[in-house]
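Peer 1: As a plain string of letters, each chain reads:
Number of protein chains: 2
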Amino acid sequence: MTQNSSGSEIERLIQLLARLPGLGPRSARRAALHLIKNREKLLAPLATALAAAHENVTICSACGNVDTTDPCTLCKDPRRDPSIICVVEEVGDLWALERSAALNGLYHVIGGTLSAIEGIRPEDLNISKLIERAASGEVKEIVLAVNATVDGHTTAHYITERLKDCNVSVSRLAHGVPVGGELDYLDEGTLIAAMKSRRPF
Amino acid sequence: MTQNSSGSEIERLIQLLARLPGLGPRSARRAALHLIKNREKLLAPLATALAAAHENVTICSACGNVDTTDPCTLCKDPRRDPSIICVVEEVGDLWALERSAALNGLYHVIGGTLSAIEGIRPEDLNISKLIERAASGEVKEIVLAVNATVDGHTTAHYITERLKDCNVSVSRLAHGVPVGGELDYLDEGTLIAAMKSRRPF
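Residue numbers (numbering that gives the first Met the number 0), protein chains in the order written: chain A, 0 to 200; chain B, 0 to 200.
It should be emphasised that the hints constitute simulated quantities derived from the structure, not laboratory data.
Source: prediction; values computed, not measured.
Treat each hint with caution, since some may be false.
Note: identical chains are not told apart, hence a pair may lie in one copy or across any two.
Pairs of lysine-lysine residues, derived as DSBU-like cross-links and limited to a Cα-Cα distance of at most 30 Å, are as follows [stated by the list, open to error]:
1) Lys195 to Lys75
2) Lys128 to Lys195
3) Lys195 to Lys36
4) Lys36 to Lys75
5) Lys40 to Lys139
6) Lys128 to Lys36
7) Lys40 to Lys128
8) Lys75 to Lys139
9) Lys195 to Lys40
10) Lys36 to Lys163
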């Protein structure tokens with residue numbers, strides 16, 4: 000869009016929206032127009048919500064979750080079992096596990112995976128803090144819920160090695176056929192893993 | 000995401016982002032996380048930009064464009080030819096034409112198309128104002144740049160009928176092969192239109 004077809008405020012809004020993941024320049028323009036058309040119902044509340052998030056959202060110093068309090072709601076919840084810590088790469092993974100309600104323990108966000116190619120070393124990740132928590136005596140099990148990628152695997156191995164002296168058991172998520180998944184569409188690695196871990200019916 | 004996995008401020012932000020076109024609940028969560036991670040570089044400026052847009056953006060009372068001034072930058076520009084008015088359905092179409100710099104005239108946004116199915120009648124669109132502008136004496140040509148859809152066609156016919164007494168010439172965008180387009184991928188309607196309007200080479 001050229002400068003003279005609309006105000007620079009709109010131009011700036013489009014540029015910022017285009018930097019969101021999932022939005023390109025074209026969809027950012029559509030989003031901006033949609034916002035302007037729904038001025039009171041969407042534009043104003045979104046401006047307020049962003050300002051509130053900027054004001055209040057912080058990172059939990061214990062687990063790395065994002066929340067409006069530190070320690071976060073999860074870490075503070077007395078109904079959660081502090082003897083299990085689930086290690087995830089990103090906050091989005093934590094949210095996904097929370098939606099599934101698969102675990103009633105605590106979390107630890109390491110902030111990525113080790114990667115030789117991208118030059119991400121152990122000290123770039125939130126791992127030392129995890130070892131500290133694991134060594135505190137309260138923790139009995141560490142569940143490694145990293146992604147099932149090569150880098151995720153490497154990271155899981157590295158963390159397991161570091162946890163050797165901590166007297167905690169280390170587990171990882173099971174591999175297998177996704178619920179609702181069709182065998183025909185699955186890769187061979189998944190099928191081999193699912194076959195290896197087959198269980199009595 | 001359940002309420003207890005993060006603050007309600009984040010939850011609210013995700014809900015609002017999910018209402019943008021092109022973002023669903025999943026990508027809204029990703030966008031929210033991306034915003035929180037880029038707190039100073041993206042979240043804060045976007046909050047400011049939205050507040051500024053809410054404060055300043057208005058709809059041009061002459062042509063229906065959105066801008067920070069009324070009349071808009073285009074309507075006020077003395078270098079533009081006021082004898083040509085290009086009629087578009089939506090502001091997004093106006094922006095698209097402006098990016099192409101195909102026209103140095105003025106615009107008129109009618110805000111949609113007539114539609115029997117959706118119950119959109121002439122009085123629901125910004126058409127009367129267009130007839131007024133066309134009848135002012137200054138206008139020589141009306142270019143109908145509505146979409147090449149059935150409803151767009153109906154609307155174009157209706158507007159042409161209304162303009163009969165206005166002493167302006169009415170034109171429409173040419174149909175044909177898009178520049179860079181491959182014949183093999185084009186529909187028959189486009190090919191027929193392109194063949195009919197073939198020109199000496």
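Peer 1: If a hint holds in the structure, say so; if it doesn't, say that too.
Peer 2: Comparing the hints with the structure gives:
no.: 1; hint: Lys195 to Lys75; result: neither (39 Å within a copy, 73 Å between copies)
no.: 2; hint: Lys128 to Lys195; result: neither (34 Å within a copy, 73 Å between copies)
no.: 3; hint: Lys195 to Lys36; result: neither (56 Å within a copy, 39 Å between copies)
no.: 4; hint: Lys36 to Lys75; result: between (41 Å within a copy, 22 Å between copies)
no.: 5; hint: Lys40 to Lys139; result: neither (49 Å within a copy, 40 Å between copies)
no.: 6; hint: Lys128 to Lys36; result: between (47 Å within a copy, 20 Å between copies)
no.: 7; hint: Lys40 to Lys128; result: between (43 Å within a copy, 27 Å between copies)
no.: 8; hint: Lys75 to Lys139; result: within (19 Å within a copy, 71 Å between copies)
no.: 9; hint: Lys195 to Lys40; result: neither (53 Å within a copy, 47 Å between copies)
no.: 10; hint: Lys36 to Lys163; result: neither (58 Å within a copy, 32 Å between copies)
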